[in-house]
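Given only the sequences and the hints, what does the whole structure look like? Please build it.
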Amino acid sequence: MSALLRMEGVTKRFGGLAAVSGLDLHIDSGELAGLIGPNGAGKTTVFNLLTGVYVPTEGAITFDGRLINGLKPCRIAARGIARTFQNIRLFRELTALDNVKVAAHLRSRAGLAAAIFRTPGLLANDRALDQAARALLARLNLEHAAASRAGDLPYGLQRRLEIARALATEPRLLLLDEPAAGMNPQEKAELMHLIRAIRQDFHLTVLLIEHDMRVVMGICERIYVLDYGEIIAEGTPEQIRRDPRVIAAYLGDEAVHC
Amino acid sequence: MAELVQILIYGVQLGSLYALIALGYTMVYGVLRLINFAHGDVYMVGAYVGFYACTQWLPFADLARNPGAAGSNVALAFVALLLAMAVCAGVGVAIERFAYRPLRNGLTHADAHFWGFVVALPIAARVSPLASATGFAALVVVGVVLGFALRPVVAWLRRRVALSTSRLNALITAIGVSLVLENGGLLVFGANPNFIPTVIPERTFTLPGGIQVGSSQLAILLVSLALMALLRHIVLFTRAGKAMRAISHDIEAAKLMGIDTDRVIAYTFALGASLAGAGGAMVAALTHVKITPLFGLLPGLKAFVAAVLGGAGNIPGAALGGILMGVAEALVAASQKYGTYRDAIAFCLLIVILLVRPAGILGRHVPEKV
Amino acid sequence: MRWWLVRIATVAGVLAALVMVSQFAERGIRAYELQVILLCGVYVTLAVSLNLINGITGQFSIGHAGFYGIGAYVGAAWTVLWQPRLVQSVPALKLGTLTGDVLTLAVALVLGALAAALAGVVVGLPSLRLRGDYLAIVTLGFGEVIRVVLLNMEAVGGARGLSGIPTLVSDHELAVFWVGLLAVLVIAVSRNLMQSVRGLTWLAVREDEVAADAMGVNTTQVKVTAFVIGAAFAGAAGVAFAHYNTGISPDLFGMETSIIITTMVVLGGTGSVTGSAIAGVLLTALPEYLRFLADYRMVIFSTLLVVMMLTRPQGIFGHREVGWGTFGQIAGLLRRLLRRRGEASA
Chain A
1 MSALLRMEGV TKRFGGLAAV SGLDLHIDSG ELAGLIGPNG AGKTTVFNLL
51 TGVYVPTEGA ITFDGRLING LKPCRIAARG IARTFQNIRL FRELTALDNV
101 KVAAHLRSRA GLAAAIFRTP GLLANDRALD QAARALLARL NLEHAAASRA
151 GDLPYGLQRR LEIARALATE PRLLLLDEPA AGMNPQEKAE LMHLIRAIRQ
201 DFHLTVLLIE HDMRVVMGIC ERIYVLDYGE IIAEGTPEQI RRDPRVIAAY
251 LGDEAVHC
Chain B
1 MAELVQILIY GVQLGSLYAL IALGYTMVYG VLRLINFAHG DVYMVGAYVG
51 FYACTQWLPF ADLARNPGAA GSNVALAFVA LLLAMAVCAG VGVAIERFAY
101 RPLRNGLTHA DAHFWGFVVA LPIAARVSPL ASATGFAALV VVGVVLGFAL
151 RPVVAWLRRR VALSTSRLNA LITAIGVSLV LENGGLLVFG ANPNFIPTVI
201 PERTFTLPGG IQVGSSQLAI LLVSLALMAL LRHIVLFTRA GKAMRAISHD
251 IEAAKLMGID TDRVIAYTFA LGASLAGAGG AMVAALTHVK ITPLFGLLPG
301 LKAFVAAVLG GAGNIPGAAL GGILMGVAEA LVAASQKYGT YRDAIAFCLL
351 IVILLVRPAG ILGRHVPEKV
Chain C
1 MRWWLVRIAT VAGVLAALVM VSQFAERGIR AYELQVILLC GVYVTLAVSL
51 NLINGITGQF SIGHAGFYGI GAYVGAAWTV LWQPRLVQSV PALKLGTLTG
101 DVLTLAVALV LGALAAALAG VVVGLPSLRL RGDYLAIVTL GFGEVIRVVL
151 LNMEAVGGAR GLSGIPTLVS DHELAVFWVG LLAVLVIAVS RNLMQSVRGL
201 TWLAVREDEV AADAMGVNTT QVKVTAFVIG AAFAGAAGVA FAHYNTGISP
251 DLFGMETSII ITTMVVLGGT GSVTGSAIAG VLLTALPEYL RFLADYRMVI
301 FSTLLVVMML TRPQGIFGHR EVGWGTFGQI AGLLRRLLRR RGEASA
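Chains as they are written, first to last, in the working numbering: chain A, 1 to 258; chain B, 1 to 370; chain C, 1 to 346.
A couple of the hints might just be wrong.
Covered by chain B, according to a simulated footprint, are these stretches of chain C (three or more residues, beta-carbon under 8 Å) [unchecked claim]:
no., stretch
1, 138 to 145
2, 177 to 188
3, 257 to 271
4, 308 to 319
Derived, one-sided and incomplete: chain B residues facing chain C with beta-carbon distance under 7 Å [said to hold, decoys possible]:
no., residue
5, Leu171
6, Gly176
7, Gln336
8, Thr340
Keep in mind that the hints were calculated from the coordinates and are not lab data.
Just so you know, these numbers come straight off a predicted model, no measurement behind them.
Glycine residues also receive a C-beta, built at the ideal position from the N, C-alpha and C atoms.
Okay, here's the thing in structure tokens:
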């Protein structure tokens with residue numbers, strides 16, 4: 001089966017330091033994959049490479065069969081890759097609804113002139129965007145927060161809002177950067193359920209970075225392990241749990257008892 | 001060829017003045033990430049202090065009538081220099097304390113009293129000229145009264161105002177302070193240009209090749225070098241200097257390590273301002289340029305460009321940038337066709353450097369963590 | 001189909017209203033007050049156009065007077081230098097007649113706006129790589145470069161400036177019309193944009209550029225477009241100013257003016273169109289009526305700026321706008337107040 005996303009020999013250097021080197025990974029369409037590793041291993045760097053924030057120093061990244069090296073982040077978003085951020089990056093002054101509308105605007109047809117002249121086409125377009133955004137918020141149980149300022153929302157809702165916003169771009173691949181960070185066990189269980197559900201409902205492929213092993217082992221079908229910028233293991237949760245290199249580098253003995 | 005060297009000498013002299021000012025910019029940027037727009041006006045204050053010291057306050061001998069007093073004049077010149085540096089250090093500390101610190105720490109009672117005096121100034125000036133005894137008394141009385149009146153206002157504001165850590169707001173405040181100094185200077189000193197007459201005899205040295213160097217050019221160069229060396233010693237070998245460097249890396253960590261950041265920041269401002277003051281006093285006394293309250297604006301901007309050129313926050317970079325800036329301007333000024341564009345060269349350089357190498361020549365680019 | 005008709009009718013109505021206001025104003029108001037009103041209009045246009053750049057896309061620009069100056073000089077150059085050469089072959093441009101004046105002024109406005117817009121691209125492109133204070137300094141530098149270049153350009157008068165510009169704006173008692181038209185246009189464009197979802201994406205660029213990029217917003221395009229539109233309106237304002245002031249010189253378009261415009265935007269609330277407009281009127285009209293403070297004008301301005309930053313950095317209006325909705329809110333508030341009064345006395 002051809003992979004939706006493929007990284008071949010990807011290296012990213014900052015000056016003399018290689019943040020990641022020689023990365024070979026692929027994600028198949030519809031998969032729910034995980035990326036784990038100690039802090040500083042380069043996981044967010046991988047996300048930044050995938051979304052165009054960094055340009056690979058070496059190697060090739062192909063998405064849906066087309067090379068995306070060097071494309072600007074907004075172009076990559078248009079191609080169908082969306083993400084959330086490790087440190088939440090919502091548009092704090094805007095309402096939750098507006099946050100989602102901004103992302104939904106990617107798929108709208110209306111131009112700048114239409115906006116300035118307030119054409120009926122634009123008004124219809126904006127109405128549709130408004131409806132789509134509200135539907136998305138409702139789907140993620142956020143409709144009560146629609147009019148709240150994003151910066152004022154409680155932490156858990158902010159994380160969920162970031163996911164809703166990413167979904168509004170109608171992505172094929174969703175990258176989640178530590179979505180469970182700072183959540184209590186109940187919230188994590190709900191999150192796991194949510195990720196599985198949206199993967200199905202929105203026909204997504206998901207790649208997630210996470211530190212909580214229960215979450216990773218619980219929902220990921222395949223896991224990549226990163227250490228010092230290199231992939232040291234790849235496989236199903238069972239395989240990873242038992243891999244001696246992974247245990248040495250990251251999991252420690254607790255993983256065996258998990 | 002000799003002409004080129006001549007231009008270069010002038011460029012280095014000009015550059016060392018820019019370097020002195022640029023050092024202040026870069027140090028403040030290093031510790032606070034703030035562009036202290038008002039810094040160029042501190043240079044202007046230094047020039048005015050030099051002016052008043054040389055013409056009114058200190059007993060300079062008239063060299064035309066008493067040529068033998070040259071030696072004592074030189075000694076007095078040093079006193080004037082130190083005076084300018086001290087006054088400017090005070091101005092720098094005051095600017096930090098009343099314009100920038102409230103942005104970090106919020107308004108306090110001291111701020112209420114400061115603003116009381118500020119508002120009292122024009123009121124007292126209406127009563128009688130400030131320089132007179134009654135005017136001064138009026139200032140003190142009204143100032144103190146207004147200060148106490150403003151205390152509850154400040155307390156109310158302190159409860160309701162969220163602290164702004166935005167660099168942009170600090171920049172706007174800096175621009176505002178600069179304007180206050182310039183326009184306040186216009187009110188106090190008047191718009192008429194002043195200049196300091198020759199108080200130190202000027203001697204010209206002729207080097208092989210027909211190159212001429214004036215003693216004043218040498219003096220500026222030597223004093224600037226000495227001050228820069230002193231600064232380097234302070235930054236590298238004293239505890240305060242180490243604290244400054246720590247704050248420029250990570251201010252929160254510095255606080256956690258027990259460094260009194262407010263004090264060190266004030267010290268940084270004092271250091272930078274005294275250098276700028278020295279530059280102002282020297283340029284006024286030794287090059288007999290016309291001093292007006294607005295004359296610090298352009299050199300200030302150019303020095304800022306120099307600081308960015310060398311790498312904002314980088315001290316050797318500021319010195320390097322200053323020299324380069326001075327030489328570039330000297331070259332442009334000497335050219336027949338583009339001479340009048342000498343002021344624009346600074347900004348063209350700025351735009352180029354920010355496009356090509358925003359971190360500056362000696363700076364390190366710190367990528368934003370996503 | 002019907003929409004077009006309604007739209008054209010509304011525009012025609014607004015234009016007609018402006019003309020009537022203009023005619024009434026010029027006959028009923030003293031010359032001095034007219035000058036103040038015109039200047040207010042110019043500064044409202046300048047402030048609201050800067051708000052597009054500073055407030056809405058969050059790019060801090062303090063060189064706006066540069067665009068103002070480019071527009072003024074290009075427009076004036078057209079009227080004074082180039083138009084006289086064309087008048088032979090294009091008799092419709094002949095000055096002194098209503099058509100001639102309007103046509104010449106219209107061309108001046110377009111040329112001035114275009115030139116300023118071009119400058120907006122030139123300034124906007126490098127701005128893409130710069131943030132915050134660095135961008136501010138570059139824009140300041142740009143403004144100064146413009147001033148120095150104008151100062152040295154003998155063709156347009158150098159330091160003395162250009163004088164004897166035909167008063168195309170104030171002829172036919174249409175001064176208030178032209179200036180009012182510009183102000184209304186820039187406010188309308190800003191408001192329309194801000195009420196659309198596209199306007200939200202502009203605000204997103206201000207809030208978090210990295211996230212906006214990741215959500216598919218072409219931040220480059222947004223930032224440059226903001227500069228272009230803002231600059232174009234500033235340029236048009238410059239043309240209008242030149243054609244009622246009869247004379248322009250480089251020092252009118254320097255850093256002091258840039259800072260005054262910036263103060264208006266900051267005072268009114270960066271991001272608030274209403275705030276910028278109101279601050280524009282206040283900060284232009286007040287100094288005129290507080291003439292006895294004229295010497296202190298700049299000191300007061302700058303002190304105001306500092307105090308504003310220390311006490312209410314988000315400006316008077318913050319991010320809020322005053323629209324039709326506000327009247328509803330006020331009405332609701334009044335209703336509640338009256339109800340409580342009624343209950344107390346019952």
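> Tell me, which hint numbers fail for this structure?
Replying inline: Of the numbered hints given earlier, those the structure breaks are 2 and 7, listed in rising order.
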